[in-house]
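J.: Here is what each chain is made of, one letter per residue.
2 protein chains.
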Amino acid sequence: MDEPKKAGILQYDDEKHWGRLIYIAKKHLDIWSHRNIRPDYGQMKLSYMPLIFNVQQNGITNTEISKKALIAKQAMSRTVKELEEKGLITSQPLKKDKRSYKIHLTDDGKKFVNDSNTKMLGLIDEYRKLVGDKEFDITVDVLSKIIRYHEKLNMETDDADE
Amino acid sequence: MDEPKKAGILQYDDEKHWGRLIYIAKKHLDIWSHRNIRPDYGQMKLSYMPLIFNVQQNGITNTEISKKALIAKQAMSRTVKELEEKGLITSQPLKKDKRSYKIHLTDDGKKFVNDSNTKMLGLIDEYRKLVGDKEFDITVDVLSKIIRYHEKLNMETDDADE
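Chains V and Y are the protein sequences, given in the same order.
Numbering-wise (the UniProt record's numbering), the first sequence opens with residue 1 and increments by one.
Numbering-wise (the UniProt record's numbering), the second sequence opens with residue 1 and increments by one.
Given that identical chains are not distinguished, each listed pair holds provided it fits within a single copy or across any two copies.
Below, computed lysine-lysine pairings styled on DSS-like, alpha-carbon distance capped at 30 Å:
#1 Lys129 - Lys67
#2 Lys26 - Lys81
#3 Lys111 - Lys129
#4 Lys67 - Lys152
#5 Lys45 - Lys119
#6 Lys129 - Lys152
#7 Lys98 - Lys27
#8 Lys26 - Lys73
#9 Lys134 - Lys27
#10 Lys111 - Lys26
#11 Lys152 - Lys68
#12 Lys26 - Lys102
#13 Lys98 - Lys68
#14 Lys81 - Lys95
#15 Lys86 - Lys73
Simulated from the structure, these hints should not be mistaken for lab results.
I would like the entire structure built from these sequences, with the hints used as guidance.
T.: Printed below as a string of structure tokens:
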């Protein structure tokens, strides 16, 4: 595979640029979110998104959210504090472990998440018109499977590291 | 669409979580790259990747790469300097505009990009086995189309902002 001239080929549909494809798709979604996803009042930081969109109906612990959103627990505590100050979430320490706490959405938080999901669904509608329903569903399924593959891979690597 | 109970549903295959799907897919690819993509010597920073994997065979200007990889030009200059110090790229100022310069891969840089692409193709083989060739090709095509959609959207917004 040591063919230097191949380094010149740069097409989105070139499968070896999967990394670029995912990187750029994420960047564009960041730009879109920054322009479209915000509470009625004020600005949302991009760092809030992975946290707030992972809080489930019956709450979630910081340990669970750290695993789900792949954020280090230390990095989370500042975001949690800021989202609490904005009145979008609450956090309560768990009795059994003082370093653990449970996060719930407030009513404002639920409204924000629902409004955002509605806007996201509007974007998805545009995607579907563009690429076709069947193709979009396949893409969601493929990305889900790839994520589960990496989750498994990381568990194995983490085990080997211990 | 104001149904708070919907905020509780969190499944990867739930289309409204497209944002999470792309975010997590990117995070996993970061982890994989961090573990697998590095030159023979030493460590690669994640911030190097979008730059070095966008340098084309006949070189690329900082303006082009900034557009392609969605990195601010200011943020790029430090990365360019570090990659030059590692001997993976060279940069030459363009005569017509002193703020512009052209980036080329060195032979070591080309080798690194080719080795990395080979590793990436190995990962893609695993993906293909997992999800099916047809489904993977559709996913690459859908992501390409979505990226082009956002590129167009941003051009329109930028025009409106001016």
